[in-house]
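As a plain string of letters, each chain reads:
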Amino acid sequence: MNKIKIRWVQCFITFIAIGLFMVGIINQEYEAVYNKAVNICLECIGIG
Amino acid sequence: MAKRNQRRIIQCVSAVLMNANIAGFWKGKIYTGRSKNLCLPILNCYSCPGAIGACPIGSLQVSAGCSTYGISFYVLGFLALMGILFGRLLCGFLCPFGLIQDLLYKVPLPNLKIPRKFDRIVRFGKYLTLFFLVLLLPLLAADSYGSTIPYFCKYLCPAGTLEGGIPLISMNKALQNTIGWLFSWKMFVLIIVTVASIIIHRPFCKYLCPLGAFYSLFNRFSFYRYYIERSKCTNCGKCSKVCPMNVNPVKTPNHAECIRCGTCKKQCPQNAIKVEKNINLHVKEKRNE
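Chains A and B, in that order, give the protein sequences. Our numbering numbers the first residue of the first sequence as 1 and each following residue consecutively. Our numbering numbers the first residue of the second sequence as 1 and each following residue consecutively.
In case anyone wonders, no lab produced these hints; they're calculated from the structure. There may be inaccurate statements among the hints.
Taking lysine to aspartate or glutamate pairs in the DMTMM-like style, the calculated list, with each CA pair at most 25 Å apart, reads [unchecked claim]:
1) B:K241 to B:D119
2) B:K241 to B:E229
3) A:K5 to B:E276
4) B:K173 to B:E229
5) B:K274 to B:E229
6) A:K5 to B:D143
7) B:K266 to B:E276
8) B:K232 to B:E276
9) B:K29 to A:E31
Chain B extracted, bound-state conformation:
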């Protein structure tokens, strides 16, 4: 197995496993088994006919209405645990919507280079999405019956349209009669994200994804982490040139934006970028300095 294809294979296997209810696609029905008690650690719409688990972002929003404290400790604790264990490795290796964006970026069309300063500012968009659309607004919209509006899912999430909306509406005639302006808006968002994914690497992950924003808070501290062997690094700059997320791994190997795709590791001629495996981190760091 070629090493460069390993990540793609893991992404594909993950996408299939998390959407293993294949029969749901032609029946136009979603899976209703007990595994939907569990959240998946990635953005995968629970209205996708194949989905065998719940979307954590959707669950976080809908629990705002029915949870005693306005936020689901179950979902928040699960996401924090995944974040501290793996950080954004989950974005790079397991997320099906990330895989779709990766594949779209392979379409042979000219790529758009966004100026670094502008890029840095726009990246805050995903934190705003997380705070306002996922946490704050569903909480404010919650009524006494325990229902609320999942603002992110309703107005922004292109994964819901792609994985849930299109397969369900195309197979379910009852749903076809109910589509209106909201579906048109969501299709518009999906088309924008699709076109942007062809010319920009993972635009949704960089600028809009609330789950990416949540995991990025943990990337600096997660157990899965990179380190640089200073004795080997020659500061050639190859790693930062090839990084699809515009990170300089030598300067900040555990940057919030790093999705652990491993492109920098493969490109390093000195093999100086390593994955931290030793539990006794500080001993290793001292040895490197």
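Same shape as in the complex, but just chain A:
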């Protein structure tokens, strides 16, 4: 890949990533993460 284009790819991916992250925050998806993370995940520890 043309090395000059790398910065454009970086900027594009950063823009998309921040966009996805913000949409997730607006949708309050962190609550789902929190609800799972504060209970012992039985599958993770091998007794699910």
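For chain A, the structure is supplied; the task is to place chain B on it using the hints.
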């Protein structure tokens, strides 16, 4: 501070900070503070009694059931942001399970050299793990109540067994009465990975880790990147000989498998391998050519 120990110190500090709820280990309980809203950028089980943040891979799987779109934009966006900023530097410097594998590899036993062709093929295993066990199967298993099966955590993740299973089950008598074949299977996987880590450098990161697979997609484009000063490089081949991930840094300084451990940089007699610091990348590249 000796330069060669800097990475190890950063790894240890990271492992302690991300598992800072020390009291949880002897209480046999996990942390329930609001910081568990946040994902950690590395593989660290949220059922580890010390964990103060959420595991991104576990979160990605469980959100398949409750997210409107079948995948959590919150987790995906966070991981993509970490990937584009740092790439696999996170694997090399922050991951506690990577640290454990690094330490196991220091056990003075003969190391196993895997043929390059076979090694290249088996490395695709981590992409299969990411696609099938983390993204596809939890999505297919999701029911109308928003619950799903985290296949990777349930059947494969040795970090969950080591960081969550063993400390919790050893301290919690109620959990001890419920262990069955699944725990035996997970212990078997953990033992296999542990033994493999003694004879192969970071086998889990190379062949199975879905987070490593995700970050490797960004390694080529990440802001943290290596470049070779062509005017200094003599093509002596020392860097590729010492690379624990079997990468040739001269040929591909930003290879998907490079965990930025810096071993090649230290070994280079000409100091030709550098970290890209200049924002104006193309000017630097032109100067080098």
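Checklist entry - For which of the previously enumerated hints does the structure constitute a violation, in increasing order of number? => result 4, 6
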